[in-house]
Every structure is written in C-alpha cells, then in structure tokens.
Amino acid sequence: MTIAMLLTLHLICVALSVSLFVARYWWRYCGHALAAARWTRIVPPVIDTLLLLSGIGLIVKTHILPFTESGSWLTEKLFGVIIYIVLGFIALDYRQARSQQARFIAFPLALVVLYIIIKLATTKIPLLG
Numbered sequence: 026m027t028i029a030m031l032l033t034l035h036l037i038c039v040a041l042s043v044s045l046f047v048a049r050y051w052w053r054y055c056g057h058a059l060a061a062a063r064w065t066r067i068v069p070p071v072i073d074t075l076l077l078l079s080g081i082g083l084i085v086k087t088h089i090l091p092f093t094e095s096g097s098w099l100t101e102k103l104f105g106v107i108i109y110i111v112l113g114f115i116a117l118d119y120r121q122a123r124s125q126q127a128r129f130i131a132f133p134l135a136l137v138v139l140y141i142i143i144k145l146a147t148t149k150i151p152l153l154g
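According to the working numbering, the sequence shown holds residues 26 to 154 in order.
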C-alpha cells in the first residue's frame, strides 16, 4: 500500500471517527435511542482500529518515528491521542459512573485536544519545542 493510500485511509478514518464521536455524544445528551443502538458500539471501534493500523502503516512507510528528534511532533501527537481517548471515554461514559457535568466538560476538552492533534499533524511543528 502506498503512502498516499495509507494517508487517504487514515484521513477518512479520522473524519468518520470524529463524526461518530460527536454524533454519539449528541445522541447521548439528547437521550436519543441511537445512543444505545448496537451498531454504535460496534462500528466506532472498527473504524478506530483501522485508524490505528493506518497510522502505524504511515510510521513504517515514512520512517518518522516517535521519541526521536525528527519525530518530536509525532510524540506529542501520540500523547494527544491518548488524552483524547481518555476524555472520549469520560464524555461517552455509558455506565453512568460519572456525572453529567464531568461528561459535559470532557466533551469540549476532547475537541480542543483533537484540534491540537490535527495542528500537530498538519504543521509537523512540535508545541513543546
């Protein structure tokens, strides 16, 4: 698979993953039946797995490695992805273990972290130097 194909797959998965995250949060917030639909528990992890695999493929093909001098932006991006995942879990907490207020705060914070991730990926300039 070429770098262009991997990048296209990665970007499509990003768009689908973010769209589903926003939709699932909205459905949950509004109490819509789609929030509990079976497919909303199956499709997002499949897309996120493809997103992860395409990202790993891009790392292998481009030879840009995290935790290196040339890949410092990628290191920051990976830490951002971890923070985004944690905030996403809090925002979409289906067990009702967290308060509505915690979910309400986690959602916009996740979107801010997502913006930072996208900025790092597009500029390839690390925020921390």
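Note that these hints are calculated values from the structure, not bench results. Note that the structure is a prediction, hence the values are computed from the model and not measured. Just so you know, even glycine gets a beta-carbon here, dropped at the ideal spot from N, CA and C. Where hints are given, some of them may not hold.
[Said to hold, decoys possible] Distance windows between CB atoms, simulated: (1) 114 <-> 149: 42 to 48 Å; (2) 120 <-> 84: 14 to 20 Å; (3) 83 <-> 133: 38 to 44 Å; (4) 94 <-> 61: 22 to 28 Å; (5) 75 <-> 124: 31 to 37 Å; (6) 89 <-> 56: 40 to 46 Å; (7) 63 <-> 114: 39 to 45 Å; (8) 114 <-> 93: 17 to 23 Å; (9) 27 <-> 55: 20 to 26 Å; (10) 90 <-> 54: 37 to 43 Å.
Okay, the hints, checked on the actual structure:
no.	hint	verdict
1	114 <-> 149: 42 to 48 Å	28 Å, violated
2	120 <-> 84: 14 to 20 Å	33 Å, violated
3	83 <-> 133: 38 to 44 Å	28 Å, violated
4	94 <-> 61: 22 to 28 Å	47 Å, violated
5	75 <-> 124: 31 to 37 Å	33 Å, holds
6	89 <-> 56: 40 to 46 Å	44 Å, holds
7	63 <-> 114: 39 to 45 Å	19 Å, violated
8	114 <-> 93: 17 to 23 Å	29 Å, violated
9	27 <-> 55: 20 to 26 Å	42 Å, violated
10	90 <-> 54: 37 to 43 Å	39 Å, holds
Violated hints, listed in ascending order, are 1, 2, 3, 4, 7, 8 and 9; each of the other numbered hints is respected by the structure.
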